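J.: As you go down the protein sequences, you meet chains C and G in turn. The first sequence begins at 1 in UniProt numbering and counts up one residue at a time. The second sequence begins at 1 in UniProt numbering and counts up one residue at a time.
Simulated from the structure, these hints should not be mistaken for lab results. This one's a predicted model, so the numbers in the text were calculated from it and none came from an experiment. Hints may be right or wrong, so weigh each one.
One side of the interface only, derived from the structure: several residues of chain C facing chain G at Cβ under 10 Å [claimed, not checked]:
no.: 1; residue: A294
no.: 2; residue: K302
no.: 3; residue: T395
Note that the Cβ used here is the ideal one computed from N, Cα and C, for glycine as well.
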Amino acid sequence: MTLREQLREKISAAFYRHGLLCASYPVPIILFTSASILTCCYPLLRLPLPGTGPVEFTTGVRDYSVPSHEPQGDLGERPDWYRGPPVAYIQQVLVKAAVSPWDSSLVTVDVFRSPLSRAFSLLEEIRNHVHSDSSGIRSLETLCLQVTGLFPGLRRMQSVLPEHGCLLVSPGNYWQNQRELFDSDPDLLKTIQKHEPKGLHTSATLRDLLFGVPGKYTGVSHYNRKRVVTYTITLVLSSYDARFLGSLRARLKQLHPSANCSLRDDHMVHVHFKEEIGIAELIPLVTTYIILFAYIYFSTRKIDMVKSKWGLALAAVVTVLSSLLMSVGLCTLFGLTPTLNGGEIFPYLVVVIGLENVLVLTKSVVSTPVDLEVKLRIAQGLSNESWSIMKNMATELCIILIGYFTLVPAIQEFCLFAVVGLVSDFFLQMFFFTTVLSIDIRRMELADLNRRLPAEAGLPPPKPGPLRPREVPPPPRPSPHTITLQTPAFRNLRLPKRLRVVYFLARTRLAQRIIMVGTVIWIGILVYTDPAGIRTYLAAQVSEQSPLGDPGGGGLPPHLGVAPVFRGGDPTSTLSIHPAPDPTPLPENQSQGHHGSARITWGAEDEEGWRRLSFRHWPSLFSYYNITLAKRYISILPVIPVTVHVSPQEAIETRHPQDTRHPPPPIPKVSADLQTDLTLYKVAALGLAAGVLLVLLLFCLYRVLCPRNYGQNGVAHGRRRRGDLPCDDYGYSPPVSEISPLLLRGHSMDIECLASDGMLLASCCLAGQIRVWDAQTERHNIDFVGGATEPECLGSEARGPSVSGDGLSEEEDSYPLRHRTAPARPTLFTDQPDLTPLIDTNFTSQPPSHLSTPPREGFDFGGLVERAYIEHEPPSNSTYPSPSSASSSPPSGAQLQRRPSLGDAAAFLTQERASTAGTQATADWESSVWAMELRGNLIAAGRSSGKLELWDAVEGSLRCSNEDGVSGITALAFLNNRIVAARLNGSLDFFTVEINKPLCLLQYRGAPGRGSMPPSPCYSSEDVISCQLTRSVQCAHQKPITVLRAAAGRVVTGSQDHTVRIYRLEDSCCLFTLQGHSGGITAIYIDQTMVLASGGQDGAICLWDVLTGSRVSHVYGHRGDVTSLVCTTSCVISSGLDDLICIWDRSTGIKLYSIQQEVGCGASLGVISESLLVTGGQGCVSFWDLNFGDLLQTVYLGQSSDGQGVRQLLVLDNAAIVCDFGSELSLVYVPSVLEKLD
Amino acid sequence: MSLTLTAMSDSAVTSGQQQWSGSGPPPRPSRGPYISAITNRTTNLGIRGAMLFSVGVFLALVLNLLQVQRNVTLFPPDVISSIFSSAWWVPPCCGTASAIIGLLYPCIDSRLGEPHKFKREWSSVMRCVAVFVGINHASAKVDFANNVQLSLTLAALSIGLWWTFDRSRSGFGLGVSIALLATLATQLLVYNGVFHYQGLQYTSPDFLYIRSWLPCIFFAGVITMGNIGRQLALYEYKFIQEKTHQD
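Just chain C, same shape as in the assembly (with noise of 0.2 Å):
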């Protein structure tokens, strides 16, 4: 055991050594390896492309002998195929045949009919054909290949392909070889284009086998301008017999005497097929790959907290690829040939190398401390992951040598791969993917570390200096109920990935552009190369122009060399002939040359004709016969030319009756070429338009794949839930910031309307209590006032003042704000001394002024209220103690009297005021807060009765109240010192704070986000505020006003009239009335750049021009009411009832995307910063990157909640987002995000 600690140590501490290295040179260290692999890659450039083509090697016919089966030592240029005998020889007759000399009395059909019917007679030849010499004799039936039956499918082939007996293939199979039927057939053509498949084949037609030259060389038509008629007659042999063949060929010749051929006869050549590969080959070989990508995609996702997951995404990929590169390369250059099929083995090597390694040293890395230097954390990462990587490798050797000693060769050879693989993957995973990894950290150090300073130092800009004293924020200390983070670099919130992957694709378009690029070489090399190509195009182009060049050289691709041959040889010199019947010379051959049109001329491309023949062509000839030529090679001999030239009168008399009845064909004023190269335009015309239709069908299939809307995905499986820390195989729990909601409990029922200015938070519920929360440091809820109404505790104490100070109990540091109203409290409440205690103004920073309870440092101003305290004793800070608690149960005795409930100090303020102030009050109990709005210290709260109410939000004093109006008001708005009250009567108010008291300017409380907004003043306790409402604009809409906004002194009104309205601030003058919904306005945004934007109840949202009041545009967006509006600078977010969140461009009014949300979802929204969305869900809120659309995180706010939607949502300032929660306020604090997202 002692030995395994040591070498493991000894592992570790060289993995460390060689971290730090790594992490230290990173560029020196990437050019190595690229160097490297390049280096080991460079034999595969001698590796055969990949491809289907047939490759070809030439012989001379001379010295042929069948190759044998081993190996030899010198092969020279033989290639490796080229073993053992071939499956066929083949041999052709290439018949020229034509009417010489052309009279004019003679019909087109003319042109073919005799020259075909000459095929018999040379069949019957070549049939009969014998020789014999010393060693006996021999006919075409025993050198012949004996086919035994066609192909079981093929029974159309049947009447035209030859059964059984020799596979002897020529025109004459059309008319079964009896020359009777074809002198009875009426029309040949018609009987030759009867066999012809339907639609368009590339491959070989049964045209092209029985003729064996291309249909357009044939000259069978009717538009035959050079009347010279070409076919050839092909033999099958399955032994090659030299003797026989050159008697055959001497014999034609003699027969058919070709003056001016000088075609060579001494080249033989050696065709091999490659695999084809069919669909029952191809379905395994895609599925392995799909699994193969399966596997790449789900490793590589597991990639997590780097700064470019896909860069390491890549630079795994690309370790596992190049490693195998580089195993076959060096194979290769160690003289092992590869005979495996690449593309098949390729997706196991992949997996049997796999991912893993990579993936573990990427957790290794990324799970080290993080404020380390980089190449520590390099460094320690990989001498953590050392043994493990180490063993891992060990075993897999160990499995792949188990392998290796099966002793079957294709494994061996698979093994083999793999080990070479496994050590440069190895070499790969060290070298090339750890210094790629510390690139990446330290790019993303030096990305946390920009993005943090300017974040910092522009967090609290520093306000004008003496007005706001109180403005900083004391620092963040870390006390159980604050957020704790852990350490700022890794906060990486992006949570669903494969959004990103889906989104990444779609805006680069990497993969089709990779794909496409690959396509078009790969196609352009296999053009080129490919026997029947461009390149053989281009040779036979060169040597039809220069007919004395070399003209076979050009067409064979380089490697395949030409053997030597002897170009003086005359085969026939060398054989016995076998005495033939005195050629009678034909009279043709003199008189040919009289007419230039029928001139049988032998060209360099007569030579190898089945050249110009589809490549299919002997696979598929011999595949009719059920042989296959996959892997295996014929031997193509060189033709045999026979020229044939018909006297006139032969013609005439092989005429069929009907031929001369056939109507002279038209003038071919197209010429032959033209009408040939037509069918050449149809196919590419038809191979356009499919081309187009794949475009097409493949757009299509992008829009309904990927439509815009990318965020849609995200939803179902984005939900995480809270304290669900994810913890991989590998134990590493990745650094996560939870962000965790603050539950501000203290309203006994659903909180009704939300408001803050910056600095506090006023939120008001159904029962009529408002509470104020200071919401601008993370120790929330401070202090409230609680202002209300509580009907059953006034009901039921209606004797005594029942309202005691809530024991809010307020922790630590404190403001110089409650400074201040401590001293203002004896001056307010001087008729009720004992009520002063119930403001809680405890404070840790002046313990000893108000000490009198020690252990809860805060003021005492009464034995109950110290009993209230104990038993709200929080069990722990972050968990605030819930009055509710307490409220709900009812004051059981006399000495309960006063007991804390709910009505706050300024509920009992309320009563205090009804039994003084008079009766007015006591209609509030009967009416709800409506409308509620807060600026400064001051809370305007709009009430069902049509009271318009100002509290004092520190203190929890009714300032003032106006009842000028009688209508419910709807909407508040509050700014500078006016407020805009809208009515249900769809009247507006508009009414004027006035401070009878200069303001006091060392209490300037304001938003300081919003610099440009003048600050509100902080009216001191002393002012005696009034409010006069100073216009009132009746019927300012025909039916209720549902939105009011107001900024920029401007305010917006939009109603159920279908209408929007703008009015100046200052002067409440309608400017103008904007028309264009079809529905009731639900939603106005308005900000301080004048972007007004609207949406109705049609589902509708206009964006208007306030200066001019124009419509800017108008979209249509959602199925039902547009449910809230918010504007960034760039975009438009919308929600609505159909659950969906549009974002819309706000210049051209597109919508970029948009989001499925659950169903019944709030409808809330807020923006924190440029690029960061929250929604409010059932229980949760949700943050959302903007310029994604993908989910960053949710949030729950409550573990045992009964699904309360969030309906109300406002972001504060230093990016805390507060949402009602069923009777709870949920405060969020999202510090990461903001620094995380730009």
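Since chain C is already given, all that's left is putting chain G on it; use the hints.
T.: Chain G only, in chain C's frame:
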């Protein structure tokens, strides 16, 4: 494979839904029928079974094609029909078997009280499937000298598969027993003349080849399906765990 992929994406969705429903507040009447169906245990079982079934059928078809391949000539007129060259009931049988196995594995794990923790992730499962296909590929394509060699090679590969992806005693035991049972059943069928190994390139006389070939393939298949089944069950397991945690 597309089936498998859709199945997996389905499962991903499912899991997402499960997590969501699990993480949200406890069951509410307002939940959609789909989510409540997924959280239901029997329905979940059904869904898993269906997924496993489809994966099994698909693999059976593809692997059968792999075996058929040697017979295929260059231009067979009926390639597509060769996919279904076996008797019609073979793919459904494979599907059913894989469903049973895939459900049996997590069940046994929970019975034994030793939850399978080794390499529980989809990438590992994909790797396992790829290796399984590779074993089939090798047995179909590679020419072996004799049956013993084939048998030994396949056995080594199968054991390697188990060691790499499973490493549990229960998995091994179950794999071996099911492989033996299945081989026995196949042999019985063959001797009774029901099933003539259609589509395999070796026809009736080569029982020995088949016998050397089948158990290892069965074993590897059992391990693979068990792996998939466990991975699928992981979601349900997580969900239940969360639920109990909540309670």
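J.: Each of the hints needs a verdict: does it hold here or not?
T.: Hints, verified against the model:
| no. | hint | result |
| --- | --- | --- |
| 1 | A294 | holds (5 Å) |
| 2 | K302 | holds (7 Å) |
| 3 | T395 | holds (8 Å) |
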